[in-house]
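Start from chain B and add chain A according to the hints.
Given next are the chains, with one letter for each unit.
2 protein chains.
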Amino acid sequence: MYKESCIFCRIVRKEAPSSIIYEDDDVLAFMDIRPVSEGHTLVISKRHYENIYDVPRTIICKIYEIVKRVAIALRETIKPDGISIVQQNGAAANQDIFHIHVHLIPRYDGQKMRFGEANSIPREKLDLVAKKIKSAL
Amino acid sequence: MYKESCIFCRIVRKEAPSSIIYEDDDVLAFMDIRPVSEGHTLVISKRHYENIYDVPRTIICKIYEIVKRVAIALRETIKPDGISIVQQNGAAANQDIFHIHVHLIPRYDGQKMRFGEANSIPREKLDLVAKKIKSAL
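From first to last, the protein sequence lines are chains B and A.
The first sequence lines up with residues 556 to 692 when you count with our numbering.
The second sequence lines up with residues 556 to 692 when you count with our numbering.
Honestly, the hints are just simulated from the structure, not real lab data.
Don't take every hint at face value.
BS3-like cross-link-like pairs, simulated, lysine-lysine; straight-line CA separation at most 30 Å [to be verified]: (1) K623(B) with K569(B); (2) K623(A) with K623(B); (3) K617(B) with K680(A); (4) K558(A) with K667(A).
Pulled a few chain A residues facing chain B out of the computed Cβ check, cut under 10 Å [unchecked claim]: (5) V610; (6) R612; (7) T613; (8) Y619; (9) E620; (10) I633; (11) S639; (12) Q642; (13) A648; (14) I652; (15) Q666; (16) M668; (17) F670; (18) A673; (19) P677.
Here chain A is said to cover these stretches of chain B; the calculated rule only asks that three of the stretch's residues, wherever they fall, bring their Cβ under 8 Å from a Cβ of chain A [stated by the list, open to error]: (20) 608–615; (21) 624–631; (22) 639–653.
Beta carbons: idealized from backbone N, C-alpha and C, even for Gly.
Looking at chain B on its own, in the form it has when it is part of the complex (with noise of 0.2 Å):
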């Protein structure tokens, strides 16, 4: 359930940087490197798993009671109008990484969502996003 070539179980493995802002056995939640708003944060399947079809039952579960945590923290701490909740399955929806994630995107009063246009940001400015959220988890 670990795949050599995939950016996620390297940062579930530690061997890539992350933001993380939370952590059990079975999900991770960090922040994105290229969010589409501040406070953007992606919540994983610490096994491997490509998309929804193939997630059992129980990881489902856990992953969306974190992201619910998440959702809270995020505004309590960000203050968003609205959170956008996004989990894509397949290069034509949009999935980039193949490892399940579920996104969680702070969205504003008259604002577009721009899914995949935003640039990476420094490992600095995510880690003090990071802290600030993980502290109202």
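For chain A alone, kept in the frame of chain B given last:
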């Protein structure tokens, strides 16, 4: 846990028409009346919760278990290239009905997802699509 003015509460009570593909004590799945693409399905909690902040943990699990089953049924019947799974919280995130619902949107290579721009389509057509998806659930 029932809101008179809520169209989804009325659908749950069968006071408003819908093309249902799945129902149990807690969860209902039916066709979006304004599908972004054929097979666009909504999975909702039967009880009225506005969004993810309010939904109990157990209900979130139940909703996403059904989301997974519907995703697999869509893959088998509608055969899209991908599926976007989207849950919007707040008007700023394009939430239109303030009763929690998860969208499953079939996606195709090279086609953008035009959220909230589609027209409603006739009930008979929705019923036919529903029947097809239901056969694989």
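Now for the hints, and whether the structure bears them out:
For the hint pairing K623(B) with K569(B), the CA-to-CA distance comes to about 24 Å; that is within 30 Å, so the pair holds. Restraint check for K623(A) and K623(B): satisfied, since their Cα atoms lie roughly 17 Å apart, inside the 30 Å limit. At roughly 36 Å between alpha-carbon atoms, K617(B) and K680(A) are farther apart than 30 Å, so this suggested pair is violated. As the CA atoms of K558(A) and K667(A) are separated by approximately 34 Å, the hinted pair breaks the 30 Å bound.
Using the Cβ-Cβ criterion of 10 Å, the hint placing V610(A) at the interface with chain B is satisfied: the shortest such distance is roughly 7 Å. Against a cut-off of 10 Å between C-beta atoms, the interface hint on R612(A) holds, since the closest Cβ of chain B lies about 5 Å away. Interface hint status for T613(A): upheld, as the beta-carbon distance to the closest one in chain B is roughly 9 Å, under 10 Å. Interface hint status for Y619(A): upheld, as the beta-carbon distance to the closest one in chain B is roughly 5 Å, under 10 Å.
Of the supplied interface hints, the one on E620(A) holds, with its beta-carbon coming within about 5 Å of a beta-carbon of chain B, less than 10 Å. Interface restraint check: I633(A) against chain B, minimum CB-CB distance 12 Å, threshold 10 Å, status violated. Because the smallest distance between the Cβ of S639(A) and any Cβ of chain B comes to about 5 Å, under 10 Å, the interface hint for this residue holds. For Q642(A), the interface hint holds, the least distance from its beta-carbon to any beta-carbon of chain B being 4 Å, beneath 10 Å.
For A648(A), the interface hint holds, the least distance from its beta-carbon to any beta-carbon of chain B being 3 Å, beneath 10 Å. Because the closest C-beta pair between I652(A) and chain B is about 14 Å apart, greater than 10 Å, the hint is violated. With its C-beta approaching chain B no nearer than about 8 Å, Q666(A) sits inside the 10 Å limit, and its interface hint holds. The interface hint given for M668(A) holds, since its Cβ lies 8 Å from the closest Cβ of chain B, which is under the 10 Å cut-off.
Given hint, F670(A) at the interface with chain B, holds; its Cβ is 9 Å from that chain's nearest Cβ, closer than 10 Å. Against a cut-off of 10 Å between C-beta atoms, the interface hint on A673(A) is violated, since the closest Cβ of chain B lies about 17 Å away. Residue-level restraint check for P677(A) is violated (minimum Cβ-Cβ distance to chain B is 27 Å; threshold 10 Å). A stretch counts as covered by a chain when three or more of its residues have a beta carbon under 8 Å from one of that chain; for the segment 608–615 of chain B and chain A the count is 4, and the coverage holds.
Check result for the segment 624–631 of chain B against chain A: holds, 3 residues qualifying (beta carbon to beta carbon below 8 Å, three or more required). For the segment 639–653 of chain B, the assignment as covered by chain A holds, since 12 residues bring a beta-carbon within under 8 Å of that chain's beta-carbons and 3 suffice.
Hints 3, 4, 10, 14, 18, 19 from the earlier list are contradicted by this structure; the remaining hints agree with it.
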